[in-house]
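*Asks:* One-letter residues, chain by chain:
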Amino acid sequence: MDKASADERPVQAVFVLRQNEAAQGGPPTGEETDELARELLARVAEQVGGQADDFNIFRNMGSFVVSAKPAFVRALLEQPEVSSAVANQQPAE
Amino acid sequence: MSTKITEDLRASGVAQVIVVLKQSGAGGPSERAIESIRSQFVSTDLTQDAALVMARAKRPTRKLAFAEDIEEDRAEAAALQAPAVRYYPNLGIALGTVTRTGLAALRRKESVDKVVGAPPLSLIRPQRVASARLTRQITWGIEAMDIPDLWREGLNGKGVLVGHLDTGVDGSHPALKGAIRKFAVFDDLGRQEARPGRPYDTDDHGTHTAATIAGRPVNGRAVGVAPAAKLASAVVIESGNVVARVLGGLDWAVGLRMRVLSMSLGFRGYWDDFLGLTQVLRSRGVLPAFAVGNEGPGTSRSPGNYSEALSIGAISERRSVAGFSSSQRFRRRRDAIVPDLVAPGVGIISAMPGGGYQAMDGTSMATPHVAGLAALLFQAEPSATVDEVERAIFESCRRPAGMLPERGRRGLPNGPRALARLRR
Chain A
42 MDKASADERP VQAVFVLRQN EAAQGGPPTG EETDELAREL LARVAEQVGG QADDFNIFRN
102 MGSFVVSAKP AFVRALLEQP EVSSAVANQQ PAE
Chain B
1282 MSTKITEDLR ASGVAQVIVV LKQSGAGGPS ERAIESIRSQ FVSTDLTQDA ALVMARAKRP
1342 TRKLAFAEDI EEDRAEAAAL QAPAVRYYPN LGIALGTVTR TGLAALRRKE SVDKVVGAPP
1402 LSLIRPQRVA SARLTRQITW GIEAMDIPDL WREGLNGKGV LVGHLDTGVD GSHPALKGAI
1462 RKFAVFDDLG RQEARPGRPY DTDDHGTHTA ATIAGRPVNG RAVGVAPAAK LASAVVIESG
1522 NVVARVLGGL DWAVGLRMRV LSMSLGFRGY WDDFLGLTQV LRSRGVLPAF AVGNEGPGTS
1582 RSPGNYSEAL SIGAISERRS VAGFSSSQRF RRRRDAIVPD LVAPGVGIIS AMPGGGYQAM
1642 DGTSMATPHV AGLAALLFQA EPSATVDEVE RAIFESCRRP AGMLPERGRR GLPNGPRALA
1702 RLRR
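Line by line, the protein sequences give chains A and B.
Each number in this note's numbering corresponds to the 1-based position in the first sequence with 41 added.
Each number in this note's numbering corresponds to the 1-based position in the second sequence with 1281 added.
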């Protein structure tokens, strides 16, 4: 990621949101997922001073994917609502 | 040195590696061994993958399989102290990013058994592919599970949607005519392509697995377990191994209200990248049927090796576990051995793109047999939960004589017994 930082190339990452404690540990609903993902993207955009290049929200899966500058992805990783993350592009076997 | 590590070091100066620690008795590697390698991993010069792993390690989910063995607080504290390396106590391995210097230092450590490149997400490729003629009226795999007894009771999968995330499917094959309710292709950000065209296969794997789930009889010959079930089939693998493509397919198929998911891809080893997603699937009422892998005893793939997945190994017509079929014991209280069961996966004849049939060997071939059985059970009892259908399948299993539980766990499922258990 630091390598990408040097020339500000975007990186892609998939984020899974935390389970909804109010819903007894179930995943967020489609609406909650959409709302929360957008809220996180807006919060991070304000923090780092720039938007994500692209994103896609998986409403049924409580998750989303982002293509953004490394600083944006790093800041997103730090958000408490994020349960886990994985690099989107996997190397060839 | 592993080719992958060499290439990564050459390309970026760092490489993501798996460090296998030497075992110290029954308890696995000692804490001292783990501590001794921690400093060799980089924490500032990170690749994208490693940075994400690092972040994930900072916030372990509450249901990590390995966390069942240790105090949660201790696990969390350990993870917090490990910004660039992640340790998997059940497996005695660590994942992290190293520079060339760090790699050399790791290799010199007494406590380190070996250092290998980290695995990618990939299709679980068949062990053998051969041209074949469909000579029997019903394939041996369908017979072995007494599926025709369920057909005679009027169960054929009608009204049940099965998710099929694979290399695609040749919708023009006679055995798949009318079997595909929806077809989709996903881009690298998991977005559905607007006009995917007629269902096609980027390989031949998807057509084979699709027809084993829901192939229609052709000239009185059957290859499909649930011959009236419908498929939500998507191209999510090959032409780039991209997590969001799989996720896009999962999201799409959940939205279509699939009841069963048949998937034959994964990461070699135990990686929790799909754990949260597998939990989401179950909570959305989807039974996740995953191939366990084709790398033999002592191995398995994720997500097939999660407690939350119905993991499937392969047996031959002689009812013995195939040599290639993965199996592994984990140090966790629930679901310690994978696969959960075994199903027909050797010499399986099913549809071939462009018409005709071919035989394949693999746990990918066993998985759609179980997905098809689950479709029949959901048709029989539409209000049944994922847990109920899974339990019925588990309780229907019998281990053939001579089959070790370490290899085949519960053994081979049986259609009529599963139905009886579900209705009990």
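Everything labelled a hint here was simulated from the structure, so no lab data went into it.
Each residue gets a CB set at the ideal place from its N, CA and C atoms; glycine is no exception.
Keep in mind that the hints are not guaranteed to be accurate.
[Unchecked claim] Taking beta-carbon pairs under 7 Å as the criterion, some of the chain A residues facing chain B (in silico):
#1 V55
#2 P68
#3 T70
#4 L82
#5 Q88
#6 F99
#7 M102
#8 G103
#9 Q120
#10 V127
#11 Q130
[To be verified] Ranges between beta-carbon positions, derived for each pair:
#12 B:G1478 x A:Q88: 15 to 25 Å
#13 A:E73 x B:G1440: 24 to 34 Å
#14 B:R1705 x A:P51: 37 to 47 Å
#15 B:R1704 x A:E122: 22 to 32 Å
#16 B:R1409 x A:A86: 47 to 57 Å
*Asks:* Give a verdict on every hint.
*Replies:* Hint by hint, here is what the structure shows:
1. Because the smallest distance between the Cβ of V55 of chain A and any Cβ of chain B comes to about 5 Å, under 7 Å, the interface hint for this residue holds.
2. Checking P68 of chain A against chain B: minimum C-beta separation of about 4 Å stays under 7 Å; hint holds.
3. Given the 7 Å rule on beta carbons, the hint for T70 of chain A is violated: about 10 Å separates it from the nearest Cβ of chain B.
4. Against a cut-off of 7 Å between C-beta atoms, the interface hint on L82 of chain A is violated, since the closest Cβ of chain B lies about 14 Å away.
5. Hint status for Q88 of chain A: violated, given a least beta-carbon distance of 15 Å to chain B, over 7 Å.
6. The closest approach between the C-beta of F99 of chain A and any C-beta of chain B is roughly 4 Å, which is under the 7 Å cut-off, so the hint is satisfied.
7. For M102 of chain A, the interface hint holds, the least distance from its beta-carbon to any beta-carbon of chain B being 5 Å, beneath 7 Å.
8. Restraint check, G103 of chain A versus chain B: the minimum CB separation of about 5 Å is within 7 Å; hint holds.
9. A cut of 7 Å between beta carbons decides the hint on Q120 of chain A: the least distance to chain B is about 10 Å, and the hint is violated.
10. With its C-beta approaching chain B no nearer than about 4 Å, V127 of chain A sits inside the 7 Å limit, and its interface hint holds.
11. The beta carbon of Q130 of chain A comes within 6 Å of a beta carbon in chain B, closer than 7 Å, and the hint placing it at the interface holds.
12. About 42 Å separates the C-beta atoms of G1478 of chain B and Q88 of chain A, a value inconsistent with the hinted range of 15 to 25 Å.
13. As the Cβ distance of E73 of chain A to G1440 of chain B is approximately 30 Å, the hint placing it in 24 to 34 Å holds.
14. The hinted range of 37 to 47 Å is not satisfied by R1705 of chain B and P51 of chain A, whose Cβ atoms lie roughly 55 Å apart.
15. A hinted range of 22 to 32 Å for the beta carbons of R1704 of chain B and E122 of chain A is inconsistent with their spacing of about 42 Å.
16. A hinted range of 47 to 57 Å for the beta carbons of R1409 of chain B and A86 of chain A is consistent with their spacing of about 51 Å.
When held up to the earlier numbered hints, the structure conflicts with 3, 4, 5, 9, 12, 14 and 15 and fits the remainder.
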